Every structure is written in C-alpha cells, then in structure tokens.
Amino acid sequence: MRDVAIISTGMTPFGELWQSGLRDLFVQAAREALMAVGSPSVDAIYVGNMSGGQFVGQEHLGPLMADHLGLAGVPATRVESACASGGVALRCGFLDVAAGASDLVLVAGVEKMNDGADVTNVLASAADQETEVYHGITFPGLYAMIARAHMARYGTTEEDLAAVSVKNHRHGARNPKAQFRSEVTAEQVMTSSMVAEPLRLLHCSPVSDGAAVVLLCPLERAREFTDAPIRIRSSGLATAPMALADRADPTFLDAVSLAAGRAYKSGGVTPSDIQVAEVHDCFSIAELCVLEALCFTERGSAGELTRAGETALGGRIPINTSGGLKSKGHPVGATGVAQAIEIVEQLRGEAGERQVPDATIGLAQNMGGSGASSVVHIFERV
Amino acid sequence: MPSPRYWREIPSRYRLEAAACRGCKRVIYPKRQVCPQCGGVEFEATRLAHRGRVVTSTVVHVAPTDLQMEAPYAMAVVETEEGVRLMVQVADCDPSEVLPGMEVTLEFRLIRKEDHGGILCYGHKAVPVE
Chain A
1 MRDVAIISTG
11 MTPFGELWQS
21 GLRDLFVQAA
31 REALMAVGSP
41 SVDAIYVGNM
51 SGGQFVGQEH
61 LGPLMADHLG
71 LAGVPATRVE
81 SACASGGVAL
91 RCGFLDVAAG
101 ASDLVLVAGV
111 EKMNDGADVT
121 NVLASAADQE
131 TEVYHGITFP
141 GLYAMIARAH
151 MARYGTTEED
161 LAAVSVKNHR
171 HGARNPKAQF
181 RSEVTAEQVM
191 TSSMVAEPLR
201 LLHCSPVSDG
211 AAVVLLCPLE
221 RAREFTDAPI
231 RIRSSGLATA
241 PMALADRADP
251 TFLDAVSLAA
261 GRAYKSGGVT
271 PSDIQVAEVH
281 DCFSIAELCV
291 LEALCFTERG
301 SAGELTRAGE
311 TALGGRIPIN
321 TSGGLKSKGH
331 PVGATGVAQA
341 IEIVEQLRGE
351 AGERQVPDAT
361 IGLAQNMGGS
371 GASSVVHIFE
381 RV
Chain B
383 MPSPRYWREI
393 PSRYRLEAAA
403 CRGCKRVIYP
413 KRQVCPQCGG
423 VEFEATRLAH
433 RGRVVTSTVV
443 HVAPTDLQME
453 APYAMAVVET
463 EEGVRLMVQV
473 ADCDPSEVLP
483 GMEVTLEFRL
493 IRKEDHGGIL
503 CYGHKAVPVE
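Which chain is which? The protein sequence lines are A and B, in order. One point on numbering: in my numbering, the residue at position 341 of the first sequence is 341, and numbering is uninterrupted. One point on numbering: in my numbering, the residue at position 25 of the second sequence is 407, and numbering is uninterrupted.
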C-alpha cells in the first residue's frame with residue numbers, strides 16, 4: 001500500500017444556498033480544489049451523496065459531476081452510506097490511491113437539501129423502513145432515545161447536552177463558512193422548541209446545502225502540487241445493526257468504536273495522540289456518545305468532559321473546531337469531506353481564530369443513520 | 383405504499399410472528415434468513431408474547447407527515463419476555479409518563495392512514511400495564 005496525501009481542498013459555504021443547485025455546488029468546490037494545484041484533470045472521481053434521488057430527483061451523480069467539471073470520460077463513482085457518504089467516499093479515494101490504481105483522485109461530498117423535499121422523510125430513509133419508520137419514529141426521535149438511555153444509565157443531564165451546542169456554536173461563530181455564525185446560551189438551547197424529548201431544536205444540526213472536495217495523490221508525489229501535504233495516516237470503516245432496537249446497548253456506538261479501533265491500529269496511534277478532532281454531532285447526544293466510542297473519555301463521562309471545557313478550543317482535546325454539524329451545517333453527503341478539510345486546515349496552521357496550536361495529528365469521524373455505519377480517518381502533518 | 387410491500391409484512395405486524403434460531407435459540411423479530419447471532423439458517427416459527435418493558439423512549443413533537451395530527455406521541459423500544467426488542471408507539475397514556483422500565487402490553491392497533499386514499503396500516507402499539 002502506498003502512503004496517501006491530501007494536496008488541496010475546496011468548499012462552498014454551508015447554508016440555505018438558494019442560488020445554487022446540486023451540480024453548481026459540486027463544480028464550485030471541485031474547481032477551487034483543482035485550481036489550487038493547477039491541475040485540469042484527475043484519474044478518478046468519488047462523489048459522496050446521501051440522497052440526490054429523494055432531495056432533488058437526481059441519481060447517477062458520478063457521470064453528471066464529471067461531465068459538469070468538463071471531465072466526461074474520467075471514472076466517476078457515487079458513494080452512499082447515509083450521512084457518512086462523504087467520509088466513505090474519502091475512504092474509497094484513499095484506497096484507490098493506496099492500491100496504486102490511480103494517482104490523482106478527486107473526492108467530493110455534496111448535498112442539496114433545500115429544494116422542496118420533505119427532509120424529515122428523506123432522512124428517515126437512513127433508518128430501518130420496515131421496523132422503525134413504519135411505526136412513526138423520526139431521526140431526531142432515534143437520537144432522543146439514545147439520549148434518554150444515556151441519561152438513565154449514566155446520569156447525563158440536559159445541561160450536558162446543551163453544553164455541546166453552546167461550545168459548537170462558539171466555535172462556528174469563528175468559521176466564515178458556517179451556516180450559523182452566532183453564539184447561543186445554554187438557556188436558549190434549553191428553552192428552544194421541543195423536537196423529540198429530550199432533544200430540542202438547538203440540539204439538532206440544521207438542514208443545509210453545500211459541497212466539499214479534497215484532492216488526493218501518493219505522498220511521494222505530493223510536493224509536485226503543494227508545500228503543505230497532509231498525510232492520511234489511516235482509515236477505518238465499520239457497521240452495526242441497522243435498527244436501534246437491535247443494538248445490545250443503545251448508549252454505545254459500536255460502529256464508531258470498531259471503525260476507530262481499526263484506524264488507531266493501522267495508523268499506529270492511540271486516542272491520546274489525537275490533538276484535534278471533528279466528530280459527527282448531528283444531535284448533541286451524538287457528540288457525547290462518539291467521544292466515548294473514540295476512547296477520548298470513559299463511558300458515561302463525556303457530558304462532564306464537555307461541561308469542564310475540555311473539548312472546547314483551549315481544552316485538552318478540542319472537538320469540532322469548525323462548529324461541527326450543529327453550527328457549520330450538515331449537508332449530509334458533504335459532511336464527511338468537510339470534516340477532513342477542517343482537520344487539514346488545522347494541521348496546516350491555517351485555521352485562523354479556530355487554530356489549535358501546533359496540531360500535528362487529527363481525526364475525523366463521520367456516521368450514518370442512528371450509528372449503523374461509521375468511518376474514521378486519522379491525518380498528520382508531514 | 384405498494385400493496386405487495388404492505389402484504390409481505392402482515393405476518394410479523396399483525397400476528398407478531400418471529401423465528402427461533404435452532405442453533406443458538408435466539409428469537410428474531412421480524413424473521414430473517416440468517417441468524418445475526420450465530421449465522422444459523424434453520425428456524426422454528428414462534429409468536430411473541432404480548433408483554434414487555436420499555437428500554438428507552440421519546441416523545442415525538444415534530445412528526446412525519448402521516449402522523450402530524452397525532453403529535454406529540456410517545457415512542458419506545460420495548461423488550462419482550464423472549465428478549466426481542468421492537469420499536470413501537472405507546473398509546474392510551476400521557477406520553478410524558480413513558481420512561482425506561484415501564485411495563486407494557488402489545489395491542490393490535492391502526493398505526494397510520496396513508497394520504498390520498500392509501501392503505502390503512504395496522505400493527506402493534508404498546509399500552510402501559512395498569
């Protein structure tokens with residue numbers, strides 16, 4: 001296997017982008033990444049996208065996006081793993097370069113959610129249609145059940161959940177590409193409208209449009225394109241039972257734990273080596289469960305860690321310096337690639353007001369459904 | 383939904399038909415072709431007892447289109463006496479009282495009405511034990 005590097009990035013702002021369609025978002029981010037390295041073409045394209053078919057009635061995104069980039073002819077594949085589609089697309093590109101099959105690979109994540117689709121129903125299609133959605137559960141409802149189980153088992157409180165949202169909004173306020181560049185107070189979070197008890201509106205990531213792109217090449221060729229390549233040290237992917245009811249412990253995200261274990265092992269690193277991480281906070285409770293599954297803290301203790309400020313900028317392990325899905329926005333298929341871009345900026349020292357001093361190793365964790373799939377990447381400055 | 387899709391699920395939804403793995407004895411609901419615990423492929427048909435306990439729950443305030451008139455309503459993961467867990471709505475009670483540990487029975491009910499002259503969808507809901 002060859003070492004693989006990220007050599008450039010491109011990203012649209014995240015938000016309600018009424019002027020741009022699905023293809024416009026992709027082309028904008030892809031051209032930014034290509035122009036940064038002065039390359040007009042690539043050997044392969046991977047497009048992470050959860051549900052173009054349901055959101056805008058458009059499938060077959062591989063050839064569509066290659067065509068609109070002026071690259072018809074190039075091998076192009078759409079990758080789907082619900083909200084982990086972007087992260088899994090990154091893994092496909094990583095494996096393609098590592099295997100020696102392609103040299104220059106474009107990995108994209110893109111989603112257009114604000115074009116009239118019934119978003120609640122589309123997102124619910126990442127849950128089990130026959131045994132969960134049929135009976136009336138929603139996506140926030142599934143995470144609300146995880147939250148209630150975590151509260152019952154470990155004594156996690158509404159204040160702990162609110163602390164995640166407050167921290168991520170504080171980070172996102174410093175991110176020019178974030179959907180919500182405003183801080184919120186714990187009181188605002190805890191009095192916002194109820195979505196699925198105990199989760200309120202300000203515990204939930206928003207409905208977003210956006211695209212994110214990274215270019216990959218073999219590490220040994222990276223300096224042909226950039227002075228600041230970021231090595232993808234390892235990649236781990238895992239699955240868990242699809243339905244929440246089929247998981248032995250609803251408070252523990254097995255897929256995250258397995259994916260992280262694989263990434264730590266093949267990367268030769270331990271959780272304490274990670275200096276900055278982007279994690280999948282689609283709901284505030286998800287960030288807490290992910291921190292425990294990544295072994296950043298003991299099971300049941302992530303709420304306390306968060307309230308103590310250890311996961312904020314300046315803390316022991318800054319989490320979601322971009323603002324996370326909560327504040328930066330969550331165009332579902334784009335999220336996994338956008339997470340990688342935040343870590344690249346941190347490791348390059350280009351994160352401005354959000355910079356974690358001297359970060360050399362970072363991690364990105366992306367998740368599909370209520371935790372049925374998860375992908376973890378570890379990055380390092382070289 | 384297309385009627386064959388609805389019709390296929392009737393045995394598990396109307397009668398709580400499940401499958402007991404001949405290898406590891408685990409009861410699987412709804413039935414599958416491969417046991418998720420031991421990989422076994424031989425099963426005996428069984429039916430779930432209509433009794434269980436809430437493992438975790440929520441109250442849905444922002445509901446899917448078909449159920450908007452019912453919100454807020456309680457949803458729960460219920461574990462039956464066979465150790466099977468299923469996702470159900472909890473009816474005939476104050477939704478805020480549905481919490482982990484609550485004892486429930488499973489009753490045959492209308493689950494939802496599809497819009498525009500669609501199927502009336504039946505199945506089981508949980509009801510608290512008095």
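Just so you know, these hints were derived from the structure itself, not from any lab. Heads up, some of the hints might be wrong.
[Said to hold, decoys possible] Distance condition first, Cα-Cα at most 25 Å in a straight line; then the derived SDA-like pairs of lysine to any residue:
1) B:K407 - B:K495
2) B:K495 - A:G315
3) B:K413 - A:G349
4) B:K495 - A:E130
5) B:K495 - A:K265
6) B:K495 - A:S125
7) B:K413 - A:S125
8) B:K413 - A:K265
9) B:K413 - A:T297
10) B:K413 - A:T120
11) B:K495 - A:P176
12) A:K177 - A:E304
13) B:K413 - A:Y134
14) B:K407 - A:A248
15) B:K495 - A:Q54
16) B:K413 - A:A117
17) B:K495 - A:T120
18) B:K495 - A:N121
19) B:K413 - A:V133
20) A:K177 - A:D43
21) B:K407 - A:K265
22) A:K265 - A:S193
23) B:K407 - A:Q54
24) B:K495 - A:L219
25) B:K413 - A:Q129
26) B:K495 - A:G349
27) B:K495 - A:V119
28) B:K495 - A:V133
29) B:K407 - A:K177
Source: prediction; values computed, not measured.
Cross-check of the supplied hints:
no., hint, in the structure
1, B:K407 - B:K495, "36 Å, violated"
2, B:K495 - A:G315, "51 Å, violated"
3, B:K413 - A:G349, "53 Å, violated"
4, B:K495 - A:E130, "16 Å, holds"
5, B:K495 - A:K265, "50 Å, violated"
6, B:K495 - A:S125, "19 Å, holds"
7, B:K413 - A:S125, "21 Å, holds"
8, B:K413 - A:K265, "36 Å, violated"
9, B:K413 - A:T297, "38 Å, violated"
10, B:K413 - A:T120, "28 Å, violated"
11, B:K495 - A:P176, "45 Å, violated"
12, A:K177 - A:E304, "29 Å, violated"
13, B:K413 - A:Y134, "17 Å, holds"
14, B:K407 - A:A248, "17 Å, holds"
15, B:K495 - A:Q54, "22 Å, holds"
16, B:K413 - A:A117, "33 Å, violated"
17, B:K495 - A:T120, "18 Å, holds"
18, B:K495 - A:N121, "16 Å, holds"
19, B:K413 - A:V133, "18 Å, holds"
20, A:K177 - A:D43, "29 Å, violated"
21, B:K407 - A:K265, "35 Å, violated"
22, A:K265 - A:S193, "42 Å, violated"
23, B:K407 - A:Q54, "40 Å, violated"
24, B:K495 - A:L219, "57 Å, violated"
25, B:K413 - A:Q129, "15 Å, holds"
26, B:K495 - A:G349, "55 Å, violated"
27, B:K495 - A:V119, "20 Å, holds"
28, B:K495 - A:V133, "14 Å, holds"
29, B:K407 - A:K177, "53 Å, violated"
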